[in-house]
Amino acid sequence: MPRRTMIEAIRDAMDVSMGCDSQVVVFGEDVGFFGGVFRCTQGLQAKYGKSRCFDAPISESGIVGAAIGMAAYGLKPCVEVQFADYVYPAYDQIVSEAARLRYRSNGDFTCPIVVRMPTGGGIFGGQTHSQSPEALFTHVSGLKTVVPSNPHDAKGLLIAAIEDPDPVIFLEPKRLYNGPFDGHHDRPVTPWSKHELGEVADGHYTIPLGKAAIRRQGSAVTVLAYGTMVYVAQAAAEETGIDAEIIDLRTLLPLDLDTIVASVKKTGRCVVVHEATLTSGFGAELVALVQENCFYHLEAPVARVAGWDTPYPHAQEWDYFPGPARVGRALIETLEA
Amino acid sequence: MADAGMLRFHVPEPEVRPGGTPDFSNVTIPKAGSVPRPEIDVDPRTIRDMAFSIIRVLNRAGEAVGPWAGLLSDEELLEGLRNMMTLRTFDARMQMAQRQGKTSFYMQHLGEEAVSCAFRKALAPGDMNFPTYRQAGLLIADGYPMVTMMNQIYSNEADPLKGRQLPIMYSSKEHGFFSISGNLATQYIQAVGWAMASAISNDSRIAAAWIGDGSTAESDFHSALVFASTYKAPVILNVVNNQWAISTFQGIARGGSGTFAARGLGFGIPALRVDGNDYLAVHAVAKWAAERARANLGPTLVEYVTYRAGAHSSSDDPSAYRPKAESDAWPLGDPVIRLKNHLIHKGAWSEERHTQAEAEILETVIAAQKEAESHGTLHAGGKPSTRDMFEGVYAEMPPHLRRQRQQAGV
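Protein chains in written order, with full-length UniProt numbering: chain A, 1 to 337; chain B, 1 to 410.
Calculated directly from the structure, the hints in this document are not laboratory data.
Hints are not guaranteed to be accurate.
[To be verified] Cut-off 30 Å, straight-line C-alpha distance, at most; resulting in silico cross-link-like pairs (BS3-like, lysine-lysine):
no., chain 1, residue 1, chain 2, residue 2
1, B, LYS232, B, LYS121
2, A, LYS47, B, LYS232
3, B, LYS232, B, LYS287
4, A, LYS50, B, LYS232
5, B, LYS287, B, LYS121
6, A, LYS50, B, LYS173
7, B, LYS173, B, LYS232
8, B, LYS31, B, LYS346
Here chain A stands alone, though its shape is the one from the complex:
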């Protein structure tokens, strides 16, 4: 099976979708001729023409607003916001419009759009290229929110997102674009070509939205993670020698609660990790759900490891990023509690 980087897998997903369905169009800033600043759309304009893959003005509300109108017409736009940090001008269009169109019109109009955006830190991007705003989307009724952690999933989830009849926020952990990253920033980068999840089948396949994946079987503690933190959690488990069961949520909404509950009932302990800031983060929702569904099976308080409640810093990136040491400490404390 061919090995691909996450960038190549995402590009392949759009290529396959555009090939299968002439209603799929792709646009965003620098997306057309150049192929995107991360090269995710490279070659699509040459292959499918300027009507189906084109450059957009620097106007995120314009990009998403136009996509909503196109979806109302009957196209399936898959648009790129250059960094998740730039999505805020489009937030009104996403929250007030895309998310509610089906509901408010009772299905008279629908909004099958995908808004792709690179998310998360680890690249010395400072506060404007490192944020993880997923909780701003999971809080909104009518949206689906996806965070893939590897090339194989990224392709299958993105095709599923494009084919989904409702708006999907597709957050691509940019530190994973070229290889898995476990938080050890001082070590050489492992390329996806050396990782089994870099295997990406040719052609069309989907991974259903709303299904988590268990990345590491374990019995001592359940770790709930997504995106880059899946690898950080794996490193933490190996380095502490704790037999953690690591669940990669893949889709935050709809959430695969069954997989979470089954695991926590088995282990009796749970640690939730994400890069995003702690307060009101998606981890709070996860902890509440674990508490509601697994309270009588819990042997320790559910712990959270997250970004500190500060803007994402530049020079202090590795003090901010919740790396394997912090996750490892949480695992130990949860086991000792």
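Start from chain A and add chain B according to the hints.
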């Protein structure tokens, strides 16, 4: 001469406030028929002055004059008159129903009926409007059933939107009427996106975007103009300048630009101003813009100069922010009376027939209202089910919503 020294902060004020004498002497009204009608493929750079004039067809004597006249038959004009009268009567009844507690909220069109009623007739089947909350004439003029509109206003058991949306936020794809958001300006760029999609699909259908004077200050208005200009989208960009954004006069959004139409000039978009209370002028200009769009000549920005004679909504009282008699002083008159006078002048109508038509229309509206009320009003009779509240958030209900629906006991 520039004066250096202490800086002064500038906040524009309307000419007159409550208690003052209405004064529209600052609104320059060109003579009917005086603005030329360019070819649709005109170089936009050569008609920049049109953004500062007002295209008018009906003169004070009730005659249709000038190059924009002559597009509509007597029959079409009579239908237009009937549509505007119907909208006005519909509004009066629904405003009253709101006061009687039969619904929570209402927004009327008083004084602005010509804009949406005439515009609808310039479009073709399949074209799509992205309206604001004050274009119900698009539905009335397209024959959308009044009972269905009322069912939506009452949020009753027959409401096509299942009680989920505020009154008057209609949606009808079939009638080329995009779901009204209630947020401002968001629909403007969506209309451009719809038009881009039509062009991408090599279709022949066009879109129409709608916005009010106040909301042109939103960034979505500017995004829409950029996208429309860049991609030459087949869209008509309508700005309804009814002088007032709730209590805020249009000068707060317009700033120093002179007119709202002039906003289009920097984007290279042909920009026209039209007498919004002149049914014939609105129709003629809309037709011109629609032909341009369909001929791949791109967007047109049209500012309708009109006056909101009523309150913004059922929730405000205009006498608190403008003189009570201001609407009587509005120099462009009343759209219904102007079209009526024109038809009488042509010998196609009379005062007697008008009075008779008023009575007939009232009867039709009351009959529709009775039928709608048989399906319930907001607080009485049939209403959408609690189950409907949980449906339609997604195509397929996700597990968390299913659990919540069970918790709610439905």
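Note to self: If you test the structure against every hint from before, which numbers come out violated?
What the structure shows: The structure conflicts with no hint, since it agrees with every one listed earlier.
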